[in-house]
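Each chain is listed here by its residues.
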Amino acid sequence: MGSRRYDSRTTIFSPEGRLYQVEYALEAISHAGTAIGILASDGIVLAAERKVTSKLLEQDTSAEKMYILNDSTVCAVAGITSDASILVNSARVQAQRYLRTYGQEIPCEQLVRQLSDIKQGYTQHGGLRPFGVSFIYAGWDDERGFQLYQSNPSGNYSGWKATSMGANNTSASTLLKQDFKDDANLEDSCELAIKVLSKTMDNANLSSEKLEFATVGLDTNGKVYHKIWKPSDIDALLKKTGLVKEEEDEDKTD
Amino acid sequence: MDIVLGITTKDAVIIATSKAAVRGISILKVTDDKTRQLSDNSLMAFTGEAGDTVQFAELIQANARLYSMRNGVDLSPTAISNFTRNELANALRSRKPFQVNVLIAGFDKKTNKSSLNWIDYLAANVSLPYAAHGYASYYTLSLLDRHHKKDMNLEEGLELLKACIAELQKRIPFDFKGVYVKIVDKDGVRDLDDIE
Amino acid sequence: MSNPQEINGGAAVAMVGKDCVAIACDLRMGSSALGVSNDFEKIFNYGNVYLGLTGLATDVLTLSDVFKFKTNLYKMREERAIEPQTFANLVSSTLYEKRFGPYFVGPIVAGINSVDNKPFICGFDLIGCIDFAKDFIVSGTASDQLYGMCESLWEPGLEADDLFETISQALLNGLDRDALSGWGAVVYIITKEKVVKRLLKTRQD
Chain A
1 MGSRRYDSRT TIFSPEGRLY QVEYALEAIS HAGTAIGILA SDGIVLAAER
51 KVTSKLLEQD TSAEKMYILN DSTVCAVAGI TSDASILVNS ARVQAQRYLR
101 TYGQEIPCEQ LVRQLSDIKQ GYTQHGGLRP FGVSFIYAGW DDERGFQLYQ
151 SNPSGNYSGW KATSMGANNT SASTLLKQDF KDDANLEDSC ELAIKVLSKT
201 MDNANLSSEK LEFATVGLDT NGKVYHKIWK PSDIDALLKK TGLVKEEEDE
251 DKTD
Chain B
1 MDIVLGITTK DAVIIATSKA AVRGISILKV TDDKTRQLSD NSLMAFTGEA
51 GDTVQFAELI QANARLYSMR NGVDLSPTAI SNFTRNELAN ALRSRKPFQV
101 NVLIAGFDKK TNKSSLNWID YLAANVSLPY AAHGYASYYT LSLLDRHHKK
151 DMNLEEGLEL LKACIAELQK RIPFDFKGVY VKIVDKDGVR DLDDIE
Chain C
1 MSNPQEINGG AAVAMVGKDC VAIACDLRMG SSALGVSNDF EKIFNYGNVY
51 LGLTGLATDV LTLSDVFKFK TNLYKMREER AIEPQTFANL VSSTLYEKRF
101 GPYFVGPIVA GINSVDNKPF ICGFDLIGCI DFAKDFIVSG TASDQLYGMC
151 ESLWEPGLEA DDLFETISQA LLNGLDRDAL SGWGAVVYII TKEKVVKRLL
201 KTRQD
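Protein chains in written order, with the UniProt record's numbering: chain A, 1 to 254; chain B, 1 to 196; chain C, 1 to 205.
Bear in mind the hints are in silico, worked out from the structure with no lab data behind them. Heads up, some of the hints might be wrong.
Below 20 Å or equal to it, Euclidean Cα-Cα: the simulated EDC-like pairs (lysine to aspartate or glutamate) are [claimed, not checked]:
id: 1; chain 1: B; residue 1: K110; chain 2: A; residue 2: D142
id: 2; chain 1: C; residue 1: K134; chain 2: C; residue 2: D161
id: 3; chain 1: C; residue 1: K68; chain 2: C; residue 2: E97
id: 4; chain 1: A; residue 1: K227; chain 2: C; residue 2: E79
Far from chain A, some chain C residues (derived; all Cβ distances over 10 Å) [said to hold, decoys possible]:
id: 5; residue: S31
id: 6; residue: F44
id: 7; residue: S92
id: 8; residue: K98
id: 9; residue: F100
id: 10; residue: F104
id: 11; residue: V115
id: 12; residue: D116
id: 13; residue: N117
id: 14; residue: F132
id: 15; residue: Y147
id: 16; residue: N173
id: 17; residue: K194
id: 18; residue: V196
id: 19; residue: L199
Pulled from the structure, derived: some chain A residues nowhere near chain B, Cβ distances all over 12 Å [stated by the list, open to error]:
id: 20; residue: E27
id: 21; residue: S41
id: 22; residue: Q110
id: 23; residue: D142
id: 24; residue: N168
id: 25; residue: F180
id: 26; residue: K199
id: 27; residue: E209
id: 28; residue: K223
id: 29; residue: I228
All C-beta atoms, glycine included, are put in the ideal place defined by N, C-alpha and C.
Please construct the entire structure, taking both the sequences and the accompanying hints into account.
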């Protein structure tokens, strides 16, 4: 392959017009745990697979793939977590800077764009590798209501009704395309999210240990809230959907 | 001393600014407009150091427009006020502060509310039902205290403004050559015919 | 007009009670003798911490925004709200950062520590020297009057209701002897279960 001559630098196009480093970054992400986001009529749900590598691993109490960016936005991460935390931190600072300057929360898309602009910079300014992370953002603002975005290492971002990233994201997308309903509420969307993940995860035994959930919605006063779910919340959802039982049964028949 | 007055009504803000541009003992101009439109639904009126005023107003105007171009939406009047306050506050502790006092009148189309912000050169920012800068405030605030009502309509607001102008013309020791009157409401910013 | 801390006027006070704290301020914002606003609150809330800021109005606004900025980031990093003691040190270091061009403010902090449930209050000078107190803290253009009122009214172990009465009377009567403070007042009574905010009617001159 002719890629060898052109892939060591992020900033140089190959003769076929490709940026290999960016493509490698995308490749790295496609092995990460699956994450999906679904836009509902009254909120947004983010769900992600957490890959437990060892029983000896200290299970961190805090989520490792869900990050709060400000009072109205959360995001899910797929890719190199350490890269993500750099970007998450700068997004948090940007969001607070906007709040201080204008006295209002930053509009969701502006926050996404600022982060994507940083990512883009690393595909053009030489000597450094691009950020190996994709994000799914769930946010709300008073201009455009609930919004779901996805960004990748190239610095491109786009808005979605439902989207996925990470391992098996093509099958997740197919499942989402099949089952997404425009008028579904947050509760139904949470169930859809878990249904999709149950089919894309390698290990069919769903449990709160391997899942992370986050939701964005409006409270009774019409104020935006976000919630990164506790393991008990996820267990309750698993129980409600009845997916745990079914999966176990299938395993036995297999 | 320039006159800058603002009165909120139920769904509009009235801004009045004196037409005279004074320097020392001379009136240099009788058609001086001491306002700049910042966005579709907000207006800044200003007084202070000659030179600083227009420079500062146009700096804010340019920033508000740049924001609109970049983001496809206008900043809300409260956001513009906050931004303006920050610019003044940063300038205050710089080598050369802006010596500018402003009123920012706006109508927020999202909340359907009119707003009036009083900001002085020290960058103290307060939202008020009616406001004035400089000596004009000593003559008019008591009138406004007595007669201003929260839910006044535009006509009542203009009547009140006329009373304020009459008081100023009677008591201020020089001719400020009348005032320009502007209305900020849901339809944007518009000029009104002169008040005698 | 020469002293920046006395241009806009305003006063604030905080007190400790039995398993509760109270913090209160007036609502005036003026330009020397001229009153400009009667709706200028000087108490700001950051999680379970309350900050009173008197002094130059522009610095009151700047600092309240700066602390919003810093505590929001703190909350996301630590995944918990900031404690009163920690916040007091944040205020101190933020003010000392501007040692040779200070913010002209007199901050006071009140809150209940969520770990040991102990009440906490403290005050600062404009460059961040912390004044820890077990009884009360006063600040603003009426601080001399407030010292006198608190000195005579405050006693140890006040229950929440009595603390409300004590801090209100101390503030109200302190304000009446200061031309640059008044135009309404607010009081926060903070217990570990709940926070009650009350607006006080005062003379309007």
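If you check each hint against the structure, which ones fail?
The structure breaks hints 22 and 23; every other hint is satisfied.
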